[in-house]
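Peer 1: Protein sequence lines correspond, in order, to chains A and B.
Quick note on numbering: the first sequence equals residues 1 to 437 in the working numbering.
Quick note on numbering: the second sequence equals residues 1 to 254 in the working numbering.
The hints are simulated quantities; they were obtained by calculation from the structure and are not laboratory data.
All values derive from a computational prediction rather than experimental measurement.
Glycine included, every Cβ here is placed at the ideal spot set by N, Cα and C.
Hints are supplied without guarantee of correctness; some may be wrong.
To be verified - Chain B residues, not near chain A, derived (Cβ > 12 Å throughout):
(1) Val91
(2) Gly92
(3) Pro236
As the list claims (entries may be wrong) - Part of the chain B face toward chain A, derived, beta carbon under 7 Å:
(4) Pro70
(5) Ser95
(6) Val97
(7) Leu121
(8) Ile122
(9) Val141
(10) Val142
(11) Asp146
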Amino acid sequence: MAGTDGDQADDGGGTLGFGGVWALAAGGMVGGGIYTALGVVVAVAGQWTWLAFTISGALALASAHSYARLANHFGRAGGAFEFLEELGDDGVAGALAWILIIGYVLTMAVYAFAFGHYVAYALHGGPWVMRALAIGAVGALVALNFRGVGSVALVETVIVAGNLIVLVGLGVIGLTYWDPAQLVAGIAPREPWSAFVGAAAIFMAYEGFQLITYELDEIRSPKRILMPALVSAVVFVIGVYVLVALGAVMIAGALPTIADAQVALSRAADVALGTPGLIALTVAAAFATTAAINSTLFSTAKLAGRVADAGQLPAALGARNRHGVPARALAGLGGLAALLAIVGTLSTLVEAASLAFVVTFGVVNALAARHTKGRRWVAWLGVALAALIALVLTARLAVLTPLALALLAGLIALATVGRAWFLRLAGRRAPGDDDGG
Amino acid sequence: MAGRSLLAVAASVIALAGCHAERGPGVIRLVSALADPHTVAVTVTPRHGDAARNLKVGPGGVAELGALAPGVYDIAVRVGERPILRDALGVGGGSRVTAVLYGRVPAAGVDATEPTTDAALIRALGGAEARPVNGDLPGLVVVSDDLRRAPDAAKVRVIALAPGVSPVTVAAARDGERVTLASGLAYPQATEASTELAPGEWTLTVTLGDAASAAAKRDLAVARRDLVTVLVLAGPSPEEPVHAYVIPSRRPPR
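Chain A with its partners taken away, still in its complex shape (with noise of 0.2 Å):
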């Protein structure tokens, strides 16, 4: 059960290294999220985007923190699912678990929607080749991790050396134009509140530091090693996303940023650099986007096997197949994501993603800021700023996509007082759920 900070011990046993973890942790976040959420979060918040990335930014920089305690606290593999089942509380560990894979198939759907426009967009191809594009990506990928070859750290490090160097290089050479009237060209100046709204439309951007707690028992020596690979991590992608909000939007201007929110960087690096840069862009967004959805993919159906095996799914979604992949859930999971990447909007996608991490972000830091020692104000601080980001994102759905917000809210309901009913109309008894809760 739950044990407490040091009585672990050191050596994972596994072979990734400080390096490993830094690339793995640093790839998840950039693998997709800044690629979609430029345009989106430059509409709400112009000129103070650089601002909102790095208030989004501060709420991860806390949440990786605690993930990273909670990790070495608990010692085992798993997220947050994990950490409340040591707690012995099965009935919330299994509606985060819900909400936390709701916000995974958004995520992937975020990721297949940016890949299928940015190539297109490179192609000159029209909304049936986008859509192709999507559902043949989501496809390829279930279909390489049926035959369990799933996430390969290798390969994963080497295209976010490749997708770091074009999106650092995109920023700096949009700061050689420094250029600030291109922040707010073609709309109205935001006021610097602004930056609150645009912080929780697109703080999914950030979420993907923590699949690296899945692949706990890949670590070596993780309590040594976890914490600073996840901070600085995000330490480090907040300065890129910094980086990048200003450089791009000062090549391209606010406005055609926000009218290509999709290709929003193809068309930045179009413009400084013409077809050259189009084609290096292209081709990082590509490999960034197949590697996020494929390391989420990964991850979200290995933690639907654990959640199913732990009675808080249905069996038959927790079925291996002969190379031990959680295979129903697998294609149920990529399914999905297809799905939503050809019908979502943009910004609808990417927002109540964010809201599905922003709950899970907010109850992880409660749970730092409750059982683990040591600068229990970080934690509390990731409390806050969560509420805050909840709070002010669930307003903007509320005001400007009200039937997304009752999607979402419906489906967090029947994660959390409907999880029970429904896991016994599968028949399964949802554990910690005795009363029906």
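Chain A is already provided as a structure; the job is to place chain B on it using the hints.
Peer 2: Showing chain B alone in chain A's frame:
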């Protein structure tokens, strides 16, 4: 070794890209698409201290504001002496935008320059993309003319700007071919400039709600690399509730 080479390439690209040309001034054209036949007086005042510019635009008129230095501008619109809109707009170096004035001029005694509570909330939470109905009061929708063009086709976007008339569906047709440009578009929203039309002559049709017959028709000629904006505006009479207004394409971006 490979890492160093990559960094060297990246540094060279950045150094080359740093040698970019000056972008020059920004350019704005203003289209008056108010539902009422008023001539409006527009004052554009830079916040950086240059002299204000004044111009008058008649109903359905298009006016070029000319070259503007990069910066933020306050825009004031009047009908006679009565202010009907105050807004602000950033101008980027080398950028080209079209600003469309839409809505109804309110009855005397109504302060048209203050947004309704709903509109203020939508703007606060929605930002530049959110276009509230704002009680049909005058508003300004700004679209970029710098978007990427299609090499072999025209790109078309539609903006529904007929107050109180929505949803609208706009299609282009010719020789048995039909392309939907906007479907169920609400006032005062815009589509993305992503739908492509092959070069040549087309007939535009506007239908309202679930109606089977077209409420308005007009011809549309497009060429490859065009970026055409179709406005659905209030018609002159109840028998003609809407009409389609086409803002012609500007030359492709640099």
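Peer 1: Each hint: holds or not?
Peer 2: We went through each hint and held it up to the structure:
1. Val91: Given a closest Cβ separation of 6 Å, the condition is violated.
2. Gly92: violated, 3 Å
3. Pro236: holds, 31 Å
4. Pro70: holds, 4 Å
5. Ser95: holds, 5 Å
6. Val97: holds, 5 Å
7. Leu121: holds, 6 Å
8. Ile122: Given a least distance of 6 Å, the restraint on Ile122 of chain B holds.
9. Val141: violated, 11 Å
10. Val142: OK, holds: Val142 of chain B within 7 Å of chain A, min 5 Å.
11. Asp146: Because about 5 Å separates Asp146 of chain B from the closest Cβ in chain A, which is inside the 7 Å limit, the hint holds.
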